[in-house]
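Mind docking chain S on chain U? Use the hints.
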Amino acid sequence: MKKRRQLGAGLFLLLALALFSTPSRLVSQIKDEVDKVFGTGRHDVDNAVETGRNLIKMTKPMDFEEEHRLGRQVAARLAGNFGIWNDPNWTLYLNLVGRGLVPYSERADIKYRFAILKVDDINAYSTPAGYIFITRGMLKELGSEAELAGVLAHEIAHVAKKHIVKEVQKSNLYKTGASQAIRAATVDVESQQLIEKVNDQIFDLLINKGFSKQDEYDSDQTGTLNAWKMGYNPLGLRNFIATLQSQEKDQSPRMKRLLSTHPAPENRLKELDKFMAQNGLKPENRQDNKERFQAFKAKHPIP
Amino acid sequence: MKKRMVTGLALGVLVSGAWLALAGNEHTPRKDGLLLAAADKAKAPEPAAQEDDFWTTFQRLFSSPEPQYEDRGPQRTEVSGVRGVDQEAKMSEKYNWKAVRQMEQFTVTKQQMFKFLKEGKVGPFFAKKGGGQ
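From first to last, the protein sequence lines are chains U and S.
Count the first sequence with the numbering used here and you get residues 382 to 684, in order.
Count the second sequence with the numbering used here and you get residues 9 to 141, in order.
Isolated chain U (complex conformation) (with noise of 0.2 angstroms):
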């Protein structure tokens, strides 16, 4: 009898060790080894294997399939509140500005999606996966193609830098389980319940709280990059930033989100100028295609 639990252990200890690696179809042959020896119905197999694995996935990064899934959701949201404007001239010219910068990001192995939100509010979003929107307002209040590659840089970078994901796995929610919730095919009620509050974390952080400082200077300044190294005028970012400030205290209505989820823009002049002196980003030989975007404004006029 002690012979055979010897065995039944070392046999247990060896093939439970092959769980967290292996397919789900050898995982169940284990435990049916496993319950020949100690019989059926072994819970605490069980729950070591179910609290091993939510160990480990509190230790590794989002993928990129849950990443695409919340991602998703939330675009998903943001179009169904704001609504979606889909101007086909426009919506081309954007994906035109925005993919073209894609191949100069950090991350050019996603795709990057862009759309025009329905809202004359001036502001742009992100989402995890690369959905990006920006507002038709905000296309109004733009002068340069280099200011529009400037604002698409930096929510590429939002995306890039994984600002969302990074935001949504510090939260204890991730790590009870709504990553599991996420990915899987059904969900139960406790599961729906984690997704939704997941999802809730991240339109409540795009929509009232923002991202953090650092994050909003680490995006202007890769943007500015980013849209530099494609040929545009680095100034582009900075100058519709200084629109922001010159308006900033005529407390518009439209800008009001837009201000309250960023850092004053003096504060991210000063940021930006500071990194592109340091990094030599000047506008000599680059491109400002003022005239390019504003031929298309009158020729498309926004309503």
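Just so you know, not all the hints are guaranteed correct.
Unchecked claim - With a straight-line Cα cutoff of 30 angstroms, these simulated DSS-like cross-link-like pairs (lysine-lysine) come out: (1) S:123 - U:637; (2) U:594 - U:680; (3) S:123 - U:655; (4) U:637 - S:118; (5) S:102 - U:542; (6) U:547 - S:123; (7) U:492 - U:671; (8) U:671 - U:630; (9) S:118 - U:542; (10) S:118 - U:594; (11) U:671 - S:123; (12) U:680 - U:655; (13) U:663 - S:129; (14) U:492 - U:542; (15) U:578 - U:594; (16) U:492 - S:102; (17) U:578 - U:637; (18) U:671 - S:102; (19) U:578 - U:542; (20) U:680 - U:499; (21) U:551 - S:126; (22) S:106 - U:594; (23) U:547 - S:118; (24) S:123 - U:499; (25) U:680 - S:123; (26) U:671 - S:129; (27) S:129 - U:637; (28) U:680 - S:102; (29) U:542 - U:655; (30) U:637 - U:551; (31) U:499 - S:106.
As the list claims (entries may be wrong) - Here are some, though not all, of the chain U residues that point toward chain S, as calculated from beta-carbon distances under 8 angstroms: (32) 453; (33) 472; (34) 481; (35) 492; (36) 494; (37) 591; (38) 668.
Just so you know, the hints here were simulated from the structure itself, not pulled from any lab data.
On a predicted model such as this, the values are computed, not experimentally measured, just so you know.
Ideal placement from N, C-alpha and C gives every residue a C-beta, glycine not left out.
Frame of chain U, contents of chain S only:
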């Protein structure tokens, strides 16, 4: 006795298994034999710095098929709105999956991109005159 033994073994397996799984995780960088599990330490892919790479990246990104995920958003059972979100954001119960699919299916051809970049003298058509990287 048997139960205690199994529980003890399970705990051992838990720790060793977690270690093995982490060791096999390609996203987990190693440094001097120590496992650094933090996701944000993972090395970012290099940017497509070479202009020749532009079209390769463009084609690879925008010609590949779209992953097929179901349009599954939260199906709230409550009517009290979004937890933790202010009153203004309680508008947020609507989902527009059609818009997301349109974003995903929107195509920009290589010809359209070529013409746009060339006319704007940006991207691969940006002439570096002393402005280099």
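These are the hints, each one checked on the structure:
Taken as a hint, the residue 123 of chain S and residue 637 of chain U pair is broken in the structure, with Cα atoms around 38 angstroms apart against an allowance of 30 angstroms. Between the alpha carbons of residue 594 of chain U and residue 680 of chain U the distance comes to roughly 38 angstroms, so the proposed pair goes past 30 angstroms and is violated. Distance restraint check for residue 123 of chain S and residue 655 of chain U: the Cα-Cα separation of roughly 35 angstroms exceeds the 30 angstroms cut-off, and the hinted pair is therefore not satisfied. Annotation: proposed proximity of residue 637 of chain U to residue 118 of chain S is violated, straight-line Cα distance about 39 angstroms (limit 30 angstroms).
Restraint check for residue 102 of chain S and residue 542 of chain U: satisfied, since their Cα atoms lie roughly 28 angstroms apart, inside the 30 angstroms limit. With a CA separation close to 38 angstroms, the supplied pair residue 547 of chain U and residue 123 of chain S exceeds the 30 angstroms bound. Taking the CA atoms of residue 492 of chain U and residue 671 of chain U, the gap is near 27 angstroms; set against the 30 angstroms cutoff, the hint holds. Taking the CA atoms of residue 671 of chain U and residue 630 of chain U, the gap is about 27 angstroms. The hint holds against a cut of 30 angstroms.
Between residue 118 of chain S and residue 542 of chain U, the direct Cα distance comes to roughly 27 angstroms. Compliance with the 30 angstroms bound is thereby established for this hinted pair. With a C-alpha separation of about 37 angstroms, the suggested pairing of residue 118 of chain S with residue 594 of chain U is violated against the 30 angstroms cut-off. For a cut-off of 30 angstroms, the pair hint linking residue 671 of chain U to residue 123 of chain S stands: about 17 angstroms separates their Cα positions. A threshold of 30 angstroms between alpha carbons decides the hint, and for residue 680 of chain U with residue 655 of chain U the separation of about 38 angstroms lies outside it, so the pair is violated.
Of the supplied pair hints, the one linking residue 663 of chain U and residue 129 of chain S holds, its CA atoms being roughly 17 angstroms apart against a limit of 30 angstroms. Annotation: proposed proximity of residue 492 of chain U to residue 542 of chain U holds, straight-line Cα distance about 15 angstroms (limit 30 angstroms). For the proposed pair residue 578 of chain U and residue 594 of chain U, the alpha carbon gap of about 24 angstroms is at most 30 angstroms, so the pair holds. The hinted pair formed by residue 492 of chain U and residue 102 of chain S meets the criterion: a straight-line CA distance of about 25 angstroms does not exceed 30 angstroms.
Among the hinted pairs, residue 578 of chain U with residue 637 of chain U is consistent with the structure: their alpha-carbon atoms are about 26 angstroms apart, no more than 30 angstroms. Of the pairs offered as hints, the one joining residue 671 of chain U and residue 102 of chain S is violated, with about 37 angstroms between alpha carbons and a cut-off of 30 angstroms exceeded. About 23 angstroms separates the Cα atoms of residue 578 of chain U and residue 542 of chain U, which keeps this hinted pair within 30 angstroms; it holds. A hinted pair counts as satisfied when its Cα atoms are at most 30 angstroms apart, and residue 680 of chain U with residue 499 of chain U qualifies at roughly 19 angstroms.
Straight-line distance between C-alpha atoms of residue 551 of chain U and residue 126 of chain S comes to about 43 angstroms, which puts the hinted pair past the 30 angstroms bound. For the proposed pair residue 106 of chain S and residue 594 of chain U, the alpha carbon gap of about 33 angstroms is over 30 angstroms, so the pair is violated. Note on residue 547 of chain U and residue 118 of chain S: the hinted pairing is violated, with a Cα-Cα distance of about 34 angstroms set against a maximum of 30 angstroms. This hinted pair checks out: residue 123 of chain S and residue 499 of chain U have alpha carbons roughly 28 angstroms apart, not beyond 30 angstroms.
For the given pair, residue 680 of chain U sits about 18 angstroms from residue 123 of chain S by alpha-carbon distance, which is consistent with the 30 angstroms threshold. Taking the CA atoms of residue 671 of chain U and residue 129 of chain S, the gap is about 13 angstroms. The hint holds against a cut of 30 angstroms. Our distance criterion of 30 angstroms between C-alpha atoms is broken by residue 129 of chain S and residue 637 of chain U, whose separation comes to about 36 angstroms. Distance restraint check for residue 680 of chain U and residue 102 of chain S: the Cα-Cα separation of roughly 33 angstroms exceeds the 30 angstroms cut-off, and the hinted pair is therefore not satisfied.
Proposed proximity of residue 542 of chain U and residue 655 of chain U is supported: the alpha carbons are some 21 angstroms apart, at most 30 angstroms. Between residue 637 of chain U and residue 551 of chain U the CA atoms are separated by roughly 28 angstroms; this keeps the pair inside 30 angstroms, and the hint holds. Among the hinted pairs, residue 499 of chain U with residue 106 of chain S is consistent with the structure: their alpha-carbon atoms are about 15 angstroms apart, no more than 30 angstroms. Among the interface hints, the one on residue 453 of chain U holds; its C-beta lies about 6 angstroms from the nearest C-beta in chain S, closer than the 8 angstroms criterion.
Contact between residue 472 of chain U and chain S, as hinted, is supported at the beta carbon level, the nearest pair being about 7 angstroms apart and thus within 8 angstroms. Hint status for residue 481 of chain U relative to chain S: holds, with the closest Cβ pair at about 5 angstroms, below 8 angstroms. The criterion of a C-beta within 8 angstroms of any C-beta in chain S is met by residue 492 of chain U, whose closest approach is roughly 5 angstroms, and the hint holds. At about 4 angstroms, the closest approach between the beta carbon of residue 494 of chain U and any beta carbon in chain S falls short of 8 angstroms, and the interface hint on this residue holds.
Look at residue 591 of chain U: its Cβ only gets to about 13 angstroms from chain S, farther than 8 angstroms, so that hint breaks. Interface restraint check: residue 668 of chain U against chain S, minimum CB-CB distance 5 angstroms, threshold 8 angstroms, status holds.
Checked against the numbered hints listed earlier, the structure breaks hints 1, 2, 3, 4, 6, 10, 12, 18, 21, 22, 23, 27, 28 and 37; every other hint is satisfied.
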